[in-house]
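Novice: Read off the chains here:
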Amino acid sequence: MGTTTAMLRIVRDLLKHDTRFRIAFVFLLAVLLLTALTVVSPYDPSRTFKVPADMPPSLQHPFGTNSRGQDMFWWMAFALRNSLLLGLLTAAVSRVIAILVGLTAGYRGGFIDRALMSVNDSFVVMPVLPVLILLSFLLRGQMTIPLLALILGLFGWPWDARLIRAQVLSLKERSFTRTAVYSGNASLHISLNEHLPFVLPVVFATTIANMLWSIGMEVTLSVLGLSNVSLPTIGTAIFWANQHQALVAGIWWWLAAPIVCAIVLFLGLYLLFSSVNEYIDPRTRLRLMGG
Amino acid sequence: MALLSVENLRAYYRTEIYGISRTVRAVDGVSFELASNEIYGVAGESSCGKTTLIKVISGTIKPPLKVEAGQVRYQFGLYDVDMLHIEQDELRRNVRWKEISYVMQGSMSVLNPVRRVVTTFEDIVDTHQIISDRKMFLEQMREHVNKLGLPPEVLNLYPHQLSGGMRQRVAIALATVFHPRLIIADEPTTALDVVVQRGVLQMLKGIQAESGNTVLLVTHDLAVHANVADRVAIMYAGRIVEEASTEIIFNAPSHPYTQHLIRSLPMIGDRSSKAGLGGAPPNLANPPNGCRFHPRCPHAMDVCRTEVPEMIMLEGGHRVACHLIKGAAR
Amino acid sequence: MSANSGKLLDVQHATVVFHIGSLIGGTRLVAVNDVSFSLESARPEIYTLAGESGSGKTTLSSLILHDLNPTEGKILFEGRDVTQIRKRNEVMDFMKKVQPVFQNPFETFNPLRRVEEYLYDTAVNFGMAANRQDAAPVVDETLRQVGLSLEEVSKRYPHELSGGQIQRVSVARALIPHPRLILADEPVSMVDASLRMEIVNVFRKLRDEQKVSVLYITHDLATAYYISDRISIMLRGFIVESGPVEDVLDRPLHPYTRLLKESVPEPAPQERGLWAKHIELGTTEVKEYGRVGCKFAGRCPQVMDICRKADPPDVEADGRTVKCYLYTEGARQRPEAPAEPLD
Amino acid sequence: MRKFVLGYLLPRIAQWAMVIFIGVTVTFIIPRLSPNDPVERQISQMMGTGARIDPEAVEHMRVALTEMYGLKGSGWQQYVAFWGRLLRGDLGPSLSTFPTPVTSLIANAMPWTLGLLLTSVLISWVLGNVLGAFASYYPNSRFIGVIDVLSQAVRPIPYYVMALVMLIMFAYVIKVFPFSGAYPPGTRVQLTPQFMLTVIKHSALPALSLVTLGMGGWFLGMKSLCSNIISEDYVVYAETAGLRENKILFNYVMRNALLPQITGLGLQLGSIFSGALIMEVVFGYPGMGMLTLQAVLGNDYSLIMGIAIFSIVGVATSVLILDLIYPLFDPRVRHQ
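Residue numbers (our numbering), protein chains in the order written: chain C, 1 to 291; chain H, 1001 to 1330; chain R, 2001 to 2343; chain G, 3001 to 3336.
Chain C extracted, bound-state conformation (with noise of 0.2 Å):
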């Protein structure tokens, strides 16, 4: 219970304070919302010429509908819903990996440490589109939402890695650390107890980035007709849309529609990231408790 509504407490705080995080807010609930409404979809965003095609945005089809016969406005809601799938699955993928990384290369220090992180700065430094382009030209097909998600995890966790361990580095030096270790503690109950609260922001602020990258990086592999074209996302609106050279024909809302949808999303996410990163951040809390 204590969690709660401690969250409770953050969100009337920010809300009251912190405009960014009002924005965030209703930009996130919207997408929260179309999310949900896709359970009570009247149309099945795998089936074409449903409605008429091409009529511009109306009160029966508020983001009009496109060449293939498809309402856009539904066909967006299972979209924003597959993004943000692909989004939450890569960034866990990714956190798993990246907190491992950190944590041991910071916490064991020494040989460990220098070579964990000379193959994470290679992995930081090395282009990763094109690598993504060659393995899933490979996997053309068969491309699945958990694949993709676990692909780019596999490629997401080096820079937040680096992150993780800067912050555990630090932490390792502080004094605190040793009291608590001549207090007979055991060096789990260290982590957990002791550093935790130190490590939270960072975890929590490099998620909602790789969320941020994941999500982008699928709209460029789709759009090159990468990944499984078929299922609605951000990236396969948009290639459906060049796809029938949307543009040149004149039906903008075909292509408006993903813009606008992304724009919400990732602004949602950022400025989400960005008040909270700040409100969370310990010297913040000390600030506030009077320190």
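Note that these hints are calculated values from the structure, not bench results.
Bear in mind that the values here come from a model prediction, so they are computed numbers and not experimental data.
Treat each hint with caution, since some may be false.
[What the hints assert, rightly or not] Here are the simulated EDC-like cross-link-like pairs (lysine to aspartate or glutamate), alpha carbons at most 16 Å apart as the crow flies:
no., chain 1, residue 1, chain 2, residue 2
1, R, 2007, R, 2045
2, C, 16, C, 278
3, C, 172, R, 2067
4, H, 1205, R, 2280
[Unchecked claim] Covered stretches of chain R, as calculated for chain C (at least 3 residues, CB under 8 Å):
no., stretch
5, 2097 to 2103
6, 2110 to 2121
[Unchecked claim] Among chain C residues calculated to face chain H with C-beta under 10 Å, some are:
no., residue
7, 13
8, 17
9, 279
10, 284
11, 288
Each residue gets a CB set at the ideal place from its N, CA and C atoms; glycine is no exception.
Keeping the supplied structure of chain C fixed, place chains H, R and G upon it in accordance with the hints.
Specialist: Just chains H, R and G, lined up with the frame of chain C:
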């Protein structure tokens, strides 16, 4: 005429985050005067407001610090100027470094890490007087640094190549490049070893004795004041509680806080047991009213808890703010 | 294994060499150089390791706390080699007997955790109490030994206490498992002068009443004189003079100890004479590490040729050991304990 | 100097070699992991075109393709052979434009990407840093405030979506720039000023969007860096000494904040390069991006492999160059 006089200065830190606003009353009614040709020491413990006092006097006032009331008057040639209200650019052009210079808290990172020492000298000198002949300027700097006992090749080194003691002596050389009439030294030797500290303080004393200017020395280390300062002011929780010549402060202090401080100083050769002082310095966000020392004062009376003691002038320039002492009001 | 040799702590020729710089091209830095001293189990005492920054005193303390292994030499605690302590129960047993007190009060405890948590952790983990409830009286009792009470400290965060109060809680935490040795690394240097005496008096009480020995590491000779029984003066990794504190500091023999004592400003304006005598500061201290022979030769007013050739031996003189050629048999003149100050 | 070489240069070169080693190994392993074998794919695609090919020719083709793909022998032998070919600069022929070698295709695409990338990265890095420093030193100037809000708004949006928005805005709505290609089809590529002019006119849009996207990141990074540096002792000291504001801003605040920004640039070159690829796809700019699109559409497996390896080596080398330049800016590294 006093070189610098601070009258009833109040400076607070106002912060407000997520709806919680706090006001820390760091300096709360401080008045004192600096004469020329003297070393005036300001002693006080952590959170007594001495660093804030220095920030206000040296004009580096940035939010959340704000001056609430009071004046800082500097005797500038014939007329005296209220430093808090003169226009920034004028302050920068004629007062900064030419009249008042500054040796910073001994945190050693006073020099720009990516510039050679001589370039920092050039930056400061060039701001106040155009360097027409660079060769002559370099010669003057080498001579200035040499006179202070520093090897001239220090000039073309980078700060990270100098030891702590060297960096602090370079900072003093920088502060004296225009032979200012007032040097403010904020904890100049806190981070130094005792032998290097002795050398740096002797250098500072030598400069003051030779040029007859005024040094405002701020440090928590009373033993340093005993060996360097001519007069000492003791600060507690944002106010000056006692001010007198060094001899009086160490041999015949009147304020209970000063008495306790002097008594509790360990000295080689004296193993007699010394008492600690109970409690802790007050939190300046909501300080106790009346005399702010009353919660820890062994002689606290009722009046101490309600009324702020007036600064009373005893003989020989000895001022003290304590209800125990009755004398002519300031 | 001389378990009952009566020595609580026995440091035998401890040496620590650091390799700074990159893997291949780095330089060798001898932080601790052939240091030996010991504390008796029977006689609890406060033993001071004094020296300036870079003298190796902190490296020596991390050797004893087994955070670092010596390159050469041995550290025996109660007759047992500290470096062999590896298994969890052995480490816990060692930590029960040797506890540290740190320098910076505001870093000793996690700013986001209540201070009392550490007291309960220590009490429960070292078996002083079955659980947190039973631990309350134990914690309260130890806090009273340092002049505080549980009621005064409970529910408080570190920023709600003064530096002096936090250091006393830190000592109390170290006291809970009834240690034999407390290792205090600059415990009072960051505490206000007015509160310093309280903590220093606590150490005195520990030695006299709790029979706990304290290894006091500091650069502040004045507090060292006030509370310690014996003292070792360290310079660049060597112990240059060690013995009873009143002998070493009242009548220093080694020129470096004399210089140190003179440089400590006396809190008495009329005593200015000695401190005010002008001294020449060396240009860069780093050169002193690599120097052959006595590390102080560069600045010593009584330096002789031999001082620059080889490390001076340890000589017994006037009740203490001093590492200086001035006092060896063959030295030219053999000043007893020069009364007049350094020329 | 010896300590500098051993202490700083050697580890950096080792890191460069490590990046290339890991990059190449990853690109080698990936195809081997994938379920369907590229040779079969190629053959089935060829069969799919309906042309009657007798089985023997197919068998012959399979052996040739396996040989060409370097799939002969055990995994280890393939790996060694792979490195052998790589070091000789032979990435095999491109399948979609058989038999032109992959390296020549990349050779004439790379300069375009380099040109676009270098100019836009430099402009966005310098602009972002200067404006970021101003934003922290003069927090309440309106002009910088607008840029601050814009940067935060642009920062999270992925390259492709942003590029699309700019394409629509500039090429359709305001019709200022031509919407694709670095030069209109059919013009001969020669170094006359007139040709250069058209190239600049055509590459304006991709460059502009790369700059605006990149600048936001550097702006926000510099602003937070400088707001920490402003409270450093040497800046407060310089202000107390009465130095002029722009001297403090440029020689004290910015000069020190640039160091982490240079390292930051090194670390982000990989993602900036990927961004440039996307930009080229959107704007039809004839660099590595378009080559990648052409390879994907033409199912050209070895060209994609070649592009992946080239990108890795290219980025790793430019990061090494940046690391070698860094000591010129930071005396603490130059003078140990």
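Novice: Give a verdict on every hint.
Specialist: Results of checking the hints against the structure:
no.	hint	result
1	2007(R) to 2045(R)	holds (12 Å)
2	16(C) to 278(C)	holds (15 Å)
3	172(C) to 2067(R)	holds (13 Å)
4	1205(H) to 2280(R)	holds (15 Å)
5	2097 to 2103	holds (count 4)
6	2110 to 2121	holds (count 7)
7	13	holds (5 Å)
8	17	holds (5 Å)
9	279	holds (7 Å)
10	284	holds (7 Å)
11	288	holds (6 Å)
In summary, the structure agrees with every hint in the numbered list given earlier.
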